[in-house]
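These protein sequence lines map, in sequence, to chains A, V, S and X.
Read in order, the letters of the first sequence are residues 1 to 319 in my numbering.
Read in order, the letters of the second sequence are residues 1 to 319 in my numbering.
Read in order, the letters of the third sequence are residues 1 to 325 in my numbering.
Read in order, the letters of the fourth sequence are residues 1 to 325 in my numbering.
Read the hints as simulated data drawn from the structure, not as lab findings.
The beta carbon of each residue, even a glycine, is placed where N, CA and C say it ideally should be.
There may be inaccurate statements among the hints.
[Stated by the list, open to error] Computed far set for chain S versus chain V, every beta-carbon distance over 12 Å:
(1) R52
(2) M66
(3) A71
(4) F83
(5) P90
(6) E92
(7) K100
(8) D164
(9) I179
(10) R215
(11) L247
[Unchecked claim] Not everything, but these chain V residues come out facing chain S in the computed CB check (under 7 Å):
(12) R24
(13) A89
(14) N93
(15) E256
(16) A259
Spelled out from the first residue to the last, the chains are:
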Amino acid sequence: MNIPREKLLMMYERMLKIREFEDRVRVLFAEGELPGFVHLYLGEEAVAVGACAPLNDDDYITSTHRGHGHIIAKGGELDRMMAELYGRATGYNKGKGGSMHIAYPKLGILGANGIVSAGIPIATGAAMSAKVRKSGQVAVCFFGDGASNEGTFHESLNIASAYSLPIVYVCENNLYAVSTRQSRVRKIEDIADRSIGYGMPGVVVDGNDVVAVFEACKEAVDRARSGAGPTLVECKTYRWRAHFEGEVDTYRPPEEVEAWIKREPIAPYEKLLVQQGIASEAELKAIKDAVIKEMEEAVEFARKSPFPAPETALEDVWA
Amino acid sequence: MNIPREKLLMMYERMLKIREFEDRVRVLFAEGELPGFVHLYLGEEAVAVGACAPLNDDDYITSTHRGHGHIIAKGGELDRMMAELYGRATGYNKGKGGSMHIAYPKLGILGANGIVSAGIPIATGAAMSAKVRKSGQVAVCFFGDGASNEGTFHESLNIASAYSLPIVYVCENNLYAVSTRQSRVRKIEDIADRSIGYGMPGVVVDGNDVVAVFEACKEAVDRARSGAGPTLVECKTYRWRAHFEGEVDTYRPPEEVEAWIKREPIAPYEKLLVQQGIASEAELKAIKDAVIKEMEEAVEFARKSPFPAPETALEDVWA
Amino acid sequence: MRQLFYNQALGEALAEEMRRDKTVTLWGIDIGPYGGANGVTKGLWEEFGEARVIDTPVAELGYVGMGVGAAATGIRPVIELQFSDWITLPMEMIVNQAAKMRYMFGGILEMPLVIRAPIGGYLNAGAQHSNSFESWFAFVPGIKVVVPSTPYDAKGLLKTAIRDNNTVIFFEHKKLYGIKGEVPEEEYTIPFGEAAIRREGKDVTIVTYAYQTLRTLSVAEKLAKAGIDAEVIDLRTVKPMDETRILESVKKTHHLVVAQEIWKTCSVSSEVAALVAEQALDYLDGPIVRVTAKEAPVPFSPSLEEEVLPKEQDIYDAVLKTLGR
Amino acid sequence: MRQLFYNQALGEALAEEMRRDKTVTLWGIDIGPYGGANGVTKGLWEEFGEARVIDTPVAELGYVGMGVGAAATGIRPVIELQFSDWITLPMEMIVNQAAKMRYMFGGILEMPLVIRAPIGGYLNAGAQHSNSFESWFAFVPGIKVVVPSTPYDAKGLLKTAIRDNNTVIFFEHKKLYGIKGEVPEEEYTIPFGEAAIRREGKDVTIVTYAYQTLRTLSVAEKLAKAGIDAEVIDLRTVKPMDETRILESVKKTHHLVVAQEIWKTCSVSSEVAALVAEQALDYLDGPIVRVTAKEAPVPFSPSLEEEVLPKEQDIYDAVLKTLGR
Ligand SMILES: Cc1ncc(C[n+]2csc(CCOP(=O)(O)OP(=O)(O)O)c2C)c(N)n1
Ligand SMILES: Cc1ncc(C[n+]2csc(CCOP(=O)(O)OP(=O)(O)O)c2C)c(N)n1
Ligand SMILES: [Mg+2]
Ligand SMILES: [Mg+2]
């Protein structure tokens, strides 16, 4: 494990932030405080964090409907995110976006997306842009197992491979697309095998092991940045909650859910950090306390923020 | 070569028909007799014929912009096809379709198609229909190397595999999509490798060897009909002419074109038939003469046929 | 009479048609055991089995295209899109294939394809889950477009759609799934191209459809209190459009308002206005007034969505405007 | 003045903008050494190299989507579709992504994306190579729609499109590529939303665009011989639409004909008619008359295509009709 201490602790902090944020969203949504609908990332924290950790601030990501985790992993601030979920003017996107449309280009975040698989060509375009501008930037594209059955996946991976674009495709295989267990609509076990059809490397990693994700993605990011082209990284993981909050999950065996919750990514990582002498329990607790405090403040910030003024409704349509 | 004599001769006849038809279309188009534009199948005869030979009359095919060969291979009559190219009322489609839109459901021909890759999901649907109706029919889907980069390809092959649909995907890899050599826009050599991503068998065959195509497709058709699911068969071949008639082909090395023309599919097959004692030269000549005569009559038929009456223009829009 | 929810009425139409005709087959995402994102297909997988109620992968172009091929070969596919927003993905299969195949091929095949898709906003669902694209499909010859506003219509029109040999896009407004209405036990169908006069009136014609029908009726009550007697026409199908009823009503009231949820340019509201300007201009005693969404994607925040989508007050004001009050 | 073909004028606009701004990058099928299906990009690959003139695979959703991502990150992609017919394939990327991203994200990014695509019929190219979908895009907020009819306009509007920070769909009529017209050597751009009055007249306003402009002008000459003085307005951009010029003209002539190549329902012609019915109804002395394609896919056979697409005679007759002659 040849990873700088700072990075290791940053990964810990960001996983915690995701966990706290999502858990709070769960409660707030149930209490009717949040409009619209939300898809939680609980249980998949290690994927976003491991994949974003090798990136620079100006590297790009595209995200999905289940986007909070990716945005936090890329450095998104909890307060402005929460304000966006509340539909407030102080949100990252002035309340125009909401949970499924948070973007923050300053951190390379090109948007969560309400359309499954739509981020794939967009990330590919960001990678093409980086290549044309010779900027040295890399793009990481998050998408689900469900999204890998869309045509965008195929077209984009082929294009990225043909032009050796600086991009890493990170498939979050959580076994389901809404209610549909993927084995019912796809004959292959590993989505990573599809990389063969594009002549790019494909890797399978344990998506609940943040170090494993980091290492696989670091290699892929380095490869991308060096001009050697894209990689498909498949992370096996699981979502704890129903597809969206409020959905009744009748389609997954409770034993399966429980087994995966037992395999959650943060506690073992905590143990690892302590065992390897990276941080003491007290140090980790301090991080956790700070996250909890930040979370409290984020909710307060959002609640106190004004709704966007109606007269702003027609702004931002045109340049 | 365990193929009935009748089938072997039928394959010979149909390859000849395609050759004669396309060569005549080439001339007629140059002479300004045909409206619109045409894409010729010259040089690829063995693919269509080898792939259609294992099929029954009520099995389905979908075709492409380069469709004349597929339709003849499936049993289409030269006169009604030629009339369609002339835009006459006696054409298969009353002149409403033209070269890119010949269809004849009675022979399972679900249409040439002006949209690259659009036949792929349509063929998949025909296979689903056969499955739902338990009719025992099989679908063969023709498409080019270029089309294999479209999202439809990916979505359809995954769907067909997931439901074990009775379909065979026949990729005509003639190395180019219009001016674009496929190696410039795809890193893999064999499109058949993409089958791995769908968990279906993928086969590469010499598309200029009608027996090889037949044998690969026969196996795939049998597999499909038995309920074991789809196969991807890639046929390596080449088009002799420019992408469409009238195009100036500056993008292919003349040596390459010549080399492939030397490897043309009919003469060696003729030799094979004679050598193996399937037919005498005289018998083959008789077939050829009949084809030439049929071709003459087809042109006459088309020329003499009336244009569709203007008042039929608004018919057939609605059921 | 028996009351059903709109989504139940749709499910009943599907079940009845599946019993009547073995070639009626459903596919879409999560329509099987899950019962569909809006509960429309609940119970159908149990009754008809997975051979006729098919869960597909997330691959809209592929499974709608599969519908085209199946419809051309003896099946009646009824396909569910979870939201109509991503009908953008299978556009090719609907517009260049399904809509044209019969015509291009000279009438030698049929295209009994139904695509069901939820439309509409007022749910804080944001820019990619609040679209309504009925105008696009009305533009294309070979496609019929259905926009029912009541459980009764939903059932009767869906049965008609399934029996129709043309491509039918069947738009269900999300705000309507949970409304209840009378649906008789007896079998019935509703012909396409017949608008419903939801309220007779003599002072102004308001042409509308889908969810805006409910809102317009509520406005009409308020107008009545102000002494204005509005005739409310619910199109039910925007293609074919019931030109006769629209023109007759305008000839009676001499004033036209068109109320539609989504954007104005090149929309159903444009077409209704153009129709009247072409064929009944002389009867108009005031300008035609359109009530539509404002020119912006549908925003997430409640305070903004309210501003972009039409308010009941907008319809009220439009009536005053055409009446010159 | 110097004469250029329409396709040359477009190519010159691309070259000039690429020289001016290094972020202007082209991609599409066969636009490199081949020079594009219609010769527009001839010579650009040679001048700018394959890093800025990129041949893509046949994957419209993918490479248009790539344009969206690139436009959001500092590149100005100008993407060529070989025919606009299959703009059906990347609809999702254009409509739900490119058009909405700036708005959904609260204005924090720009979308300087141009998609060039040939439209139109009269070429016996059949139902899938003769489409015109400008009405769909005019419907969607966040998208500008350009439909130039002359080499001069083609160049000036394309330069404007490339500099615009919004999604622009740039439709080039296939019948126009081979026409010649004056194009000055000096640099110029043409603002969006300004229609061109191609012919002044006092008796009737004919609003048109793209290839129908040429046909309408020829009709106007014939009308002049019959003593009818037609004003011909070429929209140049259907979104934004030059409402002012349309309304002013109608207020002058009191009669409106709209001539467009493709289908009628929910189209640009509907919008122009609705606009006038809303804002200038009192000025009209005759019905609005629309000239459009008949309600069918564009057929292949010359005898049928002629019947489905509008004829010059149709425009002539429409004028007589609104004038009550
Ligand atoms: C194009 C499109 N199709 C369908 C949907 C509805 N939908 C939202 S999320 C989802 C499942 C996606 O599954 P996956 O990609 O595995 O992501 P996960 O939810 O498991 O994280 C579906 C079908 C959508 N938003 N967009
Ligand atoms: C969706 C779509 N994109 C582009 C085209 C233009 N086009 C027509 S044929 C063709 C090349 C297709 O190549 P391939 O699939 O290899 O078939 P081939 O012509 O080599 O037989 C292209 C790009 C089209 N008709 N449809
Ligand atoms: Mg999933
Ligand atoms: Mg090819």
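Hint by hint, here is what the structure shows:
| no. | hint | verdict |
| --- | --- | --- |
| 1 | R52 | 7 Å, violated |
| 2 | M66 | 4 Å, violated |
| 3 | A71 | 7 Å, violated |
| 4 | F83 | 18 Å, holds |
| 5 | P90 | 9 Å, violated |
| 6 | E92 | 6 Å, violated |
| 7 | K100 | 8 Å, violated |
| 8 | D164 | 7 Å, violated |
| 9 | I179 | 32 Å, holds |
| 10 | R215 | 32 Å, holds |
| 11 | L247 | 22 Å, holds |
| 12 | R24 | 23 Å, violated |
| 13 | A89 | 9 Å, violated |
| 14 | N93 | 4 Å, holds |
| 15 | E256 | 33 Å, violated |
| 16 | A259 | 37 Å, violated |
Comparing the model with each numbered hint stated earlier shows that hints 1, 2, 3, 5, 6, 7, 8, 12, 13, 15, 16 do not hold.
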